[in-house]
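Chemist: Residue-level listing of the chains:
Protein chains: 2
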Amino acid sequence: MTAVASVNWDQTHWDDFAASLGEIETLRDPGQVAKLSKDYYGYSPILQAQLADKVGDIVVRPANEAEVIRTAALCVQHRVPLTVRGAGTGNYGQCIPLQGGVILDMARMQAVKWVRPGAACVEPGAKLVAIDRQTREQGWEIRMAPSTYRTATIGGFIGGGSGGIGSITYGQLRDRGNLHAVRVVTMEDEPRVIELRGDAVQQVNHAYGTNGIITELEIPLGPAYAWAELIVTFPDFMTAARFGQTLGDADGLIKKLICICAAPIPNYFAAFRSVLPPDSHCALLMIAESCLEPFAELVKAWNGTIVYQKSAQEASKGTAIYEYTWNHTTLHARSVDPSLTYLQTLFPPDRELKLLQQMYEHFGDEVMMHLEYIRVNGSVLPAALQIVRYSNPERLQEIIKYHEDQGAFIANPHTYILEDGGRKEIDPVQLAFKQQVDPYGLLNPGKMKAWEMRI
Amino acid sequence: MTAVASVNWDQTHWDDFAASLGEIETLRDPGQVAKLSKDYYGYSPILQAQLADKVGDIVVRPANEAEVIRTAALCVQHRVPLTVRGAGTGNYGQCIPLQGGVILDMARMQAVKWVRPGAACVEPGAKLVAIDRQTREQGWEIRMAPSTYRTATIGGFIGGGSGGIGSITYGQLRDRGNLHAVRVVTMEDEPRVIELRGDAVQQVNHAYGTNGIITELEIPLGPAYAWAELIVTFPDFMTAARFGQTLGDADGLIKKLICICAAPIPNYFAAFRSVLPPDSHCALLMIAESCLEPFAELVKAWNGTIVYQKSAQEASKGTAIYEYTWNHTTLHARSVDPSLTYLQTLFPPDRELKLLQQMYEHFGDEVMMHLEYIRVNGSVLPAALQIVRYSNPERLQEIIKYHEDQGAFIANPHTYILEDGGRKEIDPVQLAFKQQVDPYGLLNPGKMKAWEMRI
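Each protein sequence line maps, in turn, to chains A and B.
Quick note on our numbering: the first sequence kicks off at 1 and runs consecutively.
Quick note on our numbering: the second sequence kicks off at 1 and runs consecutively.
The shape of chain A in the complex, shown without the other chains:
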């Protein structure tokens, strides 16, 4: 098996290729193709430099699994790379076609096939917000979502995400139980449909679409509480951080989001300027309405001040608080100062938050602290998406190294390589599955290090 290279066809070749796809929808307009070759990797100056010129040759927009199979077969026949795309809201270049070829845009496959208590079956192009719109009629919602909830697709989230809003309760997407089943189309000479259930889903979970084209997913659902949105300010950052830890550990209080921002980050939140005093340290929260009364007691115990509160009903309109959390925090900061970038850090379990405090004090204004509390194997931990005043790649690397040397885990967001981000190691299961279903290495080539480095 040989490494795939870009096919370097001229337009006539691509005309033939498109014609072979028959009635399957394609896009050839260079502007459209360029646009659908992008995601939000621009938060990283490193990735900006590496990915700016990467572009696909043609966008294919299948309407159903049969069209996916036909597209896959044609790609295999011509050894054309195929890169699957959801809404392109990722931040690590997950769906950037490094070697051109087909962009498989799953947006048209957006059916919600069924909803049962605690589970749903959906097509990969279904938007998270659209899934919830249907499941909430039965009292359920998706367990977790990125801050791009309104635009992201479920297939893109499973393929390229790891957790988000809701992870304070349900942990991360990789945890057993957070993905029930997937159907994938293979890139073999005669593409097959394989259904993966149970632990077998891990073969393609968070694999950037490198080892199978997901055409259907069964996902678990959580109870759809009425989520109130709140902002609470605190006298200093460490008090805010400790409040977040305590709220995370408060088993009797139901929450969906615990985001803690150190000053001056909240200064970037234009929408909240009227409620947030300058240089506030604050928590952005989603709390079940039925828990607000005991929640207010916790706030009082930590000397917090509730400066903003919206009922679930009010929150369904206008500014959504979650669009100021996770990587939307970075987005708002960068919209004011595009020179800013960010880091992703997981701190070890320690309710005293000593290492977190050390980093906060050590870097000061260069690495502005932004925490998202999540559950990791049953423990509530602060994950940080620090906003970094970027100077150059070497200094960024120094900052990363300092964190790692002190015992913090960095999920580097400045790489498009699957294993160099949060994973840190080769996943033999995912590699073996790719060897089986993508023998020519056509799926999202250049992303899975294990494949590129294999003997």
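Don't read these hints as lab results, they were simulated from the structure.
Please note that a few of the clues may not be correct.
The list treats identical chains as one, so a pair stands whether inside a single copy or across any two.
Here are the simulated BS3-like pairs of lysine-lysine, each with C-alpha atoms no more than 30 Å apart in a straight line [claimed, not checked]:
no. : residue 1 : residue 2
1   : K38       : K449
2   : K317      : K113
3   : K310      : K113
4   : K300      : K424
Given chain A's structure and the hints, the job is docking chain B onto it.
Modeler: Below, chain B without anything else, positioned relative to chain A:
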């Protein structure tokens, strides 16, 4: 203020007392009064000896808060002790009238006043199972329950309980958010109704009815998943215990009950004799049906064998698995061998379960290991209700001391004193509230050490 003693009235006095209560229902039949003076303290040979002769003088069964107030006023006027009673399913003599007087049986005040998403308002005599019957129509259920779920009342559970089935998700009753509000009637010369909300509920939460008569409660609800019931066997006890810890920490798997029993305990479970091989080590579990597929993968990873599985639909009839867990485990063991008793132990956070293993190996068959995993301040811990082969009080004390010396926390179930059980220390808040609302010390006298020992 003087300590209360039994009033030592003759029957004529009690006739007058009953007459003063007018149309409020009373019971005077000695057999009935004796029966309603008991709870399930008999699991403890120590309490058996101490409480066997304790009996009330009259049972009063109020139909509403107004009748509670009238009863309270009459008791204050005559300095008659009043001991509140739910269904009498407690195990520590919580509702045994140490100094006679009135047994206030709350069974008739059983209304469910309202049910909203995530919360309900109920009267104290409402049975847990009856509350759920109404809340489940809206998709909700009470967050946690004792194994006496079918008979216990919510007032008795809040007054005398601490947690149970559901504590693996929501922690314990004392945790902020697990009790929203209570109304209490005071024992002052002119009894008042006080509403306690927020942290103020802790003044009467788990106070054995020593400092106010609860007449209404607002409680939080959790989502009513369809709970499958399962029994899983394991090759050895420590594997079963570690499976329980891992399941508890598995954020993606929704569970309500993780009970682990070492051999030979399951031999006492007559109802499961056909499915449980002799001398099994097993887990009794309630798992959301929607999670059963990934759950089965976890079982496989720990070499478990699912020997029993009932859907939620099937589980609504016949044997209920939860009636073999928590203190029902002890009940079944004692129904075979009445010489057995039990302990209550909380092990410190340690995913390796070293101290648990040490105790298991040290005591062997004398202290048979029975674990209930619960959340404590955000951590999943094994609480043990070990079944003890009882020899004498000194040996029991030795066993307790050994546990405490090694760092395990014992919530002694062989005492009827509030502070000598799980609490271990005087609660100044509850004492202050008693001084305010029960100046004559008439409520459940002899149970609150802080009151008895006050200067």
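Chemist: Where does the structure disagree with the numbered hints, that is, which hint numbers, in rising order?
Modeler: none
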